[in-house]
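Adding 4 to a residue's 1-based position in the sequence shown gives its number in the working numbering.
The set of hints was computed from the structure by calculation and includes no laboratory data.
Among the clues, some could well be false.
To be verified - Here are the simulated DMTMM-like pairs of lysine to aspartate or glutamate, each with C-alpha atoms no more than 20 angstroms apart in a straight line:
1) K38 / D77
2) K136 / E57
3) K186 / E57
4) K185 / D13
5) K190 / E57
To be verified - Taking CB as the label site, the calculated pair distances span:
6) N86 / E7: 42 to 50 angstroms
7) G37 / L63: 27 to 35 angstroms
8) N189 / N11: 46 to 54 angstroms
Remember, predicted model here, so these are calculated numbers, not experimental data.
Glycine is no exception: its CB is placed at the ideal position from the N, C-alpha and C atoms.
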Amino acid sequence: MIEWLINIDTSTTIYLNSLHNSLFDSVMLFVSGKLSWVPLYLVLIFFAYKKAENLKVFLIFLVSVAILITIADQSSVKLFKNVFERLRPCHCEQIRNSIHILNNHCGGQFGFVSSHATNMFALAIFLSLFFKNKTVTILLVVWATIVAYSRIYLGVHYLGDVLGGAILGTVIAFVVYFIFKKISNK
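With the sequences and hints as input, model every part of the structure.
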């Protein structure tokens, strides 16, 4: 059963990674960049400030987001990558030649779960719970999905890595949001 899942994950990843062209190469490099989204983060912080009932709630929100990202990022590495030690597709000898890799960049040796997917889904779901707006929720989930897909496109993660990261990030978001609500209502 596990071998069957790994084979489906590998073949799906190779297919999704093969959907590349020079325009998407540039777009996906941008999408996957750590600093690419700073302007969006600033806009989201501004709207969070406007939505917060008072300065105390806003400050608790900011601390909660910092804790959220720290937990998401560290757990994706320390509880998953360093435990499961699943090679990234670009490091896997069996499929490396079938993977489209940009700028010879592969990242660390292990890839399960994707930290990008974990962090983006944690943030997207937490913000969705905070803003409570259907359109904002859709946009945030689409944004997180595109960032997660960029990791497959760039050849540094399997589909299973990003799905695992999305699930982990979502769980972390719900837990941190629950705590945020308990603290901010006091």
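How the hints compare with the structure:
1. Annotation: proposed proximity of K38 to D77 holds, straight-line Cα distance about 13 angstroms (limit 20 angstroms).
2. Between K136 and E57 the CA atoms are separated by roughly 14 angstroms; this keeps the pair inside 20 angstroms, and the hint holds.
3. Simply put, K186 and E57 have alpha-carbon atoms about 15 angstroms apart, close enough for the 20 angstroms limit, and the pair holds.
4. Taken as a hint, the K185 and D13 pair is broken in the structure, with Cα atoms around 37 angstroms apart against an allowance of 20 angstroms.
5. Note on K190 and E57: the hinted pairing holds, with a Cα-Cα distance of about 13 angstroms set against a maximum of 20 angstroms.
6. At about 24 angstroms, the CB distance of N86 to E7 disagrees with the hint of 42 to 50 angstroms.
7. Restraint check, G37 to L63: a C-beta distance of roughly 29 angstroms satisfies the suggested window 27 to 35 angstroms.
8. Restraint check, N189 to N11: a C-beta distance of roughly 48 angstroms satisfies the suggested window 46 to 54 angstroms.
Consistency note: the structure conflicts with the earlier hints numbered 4, 6.
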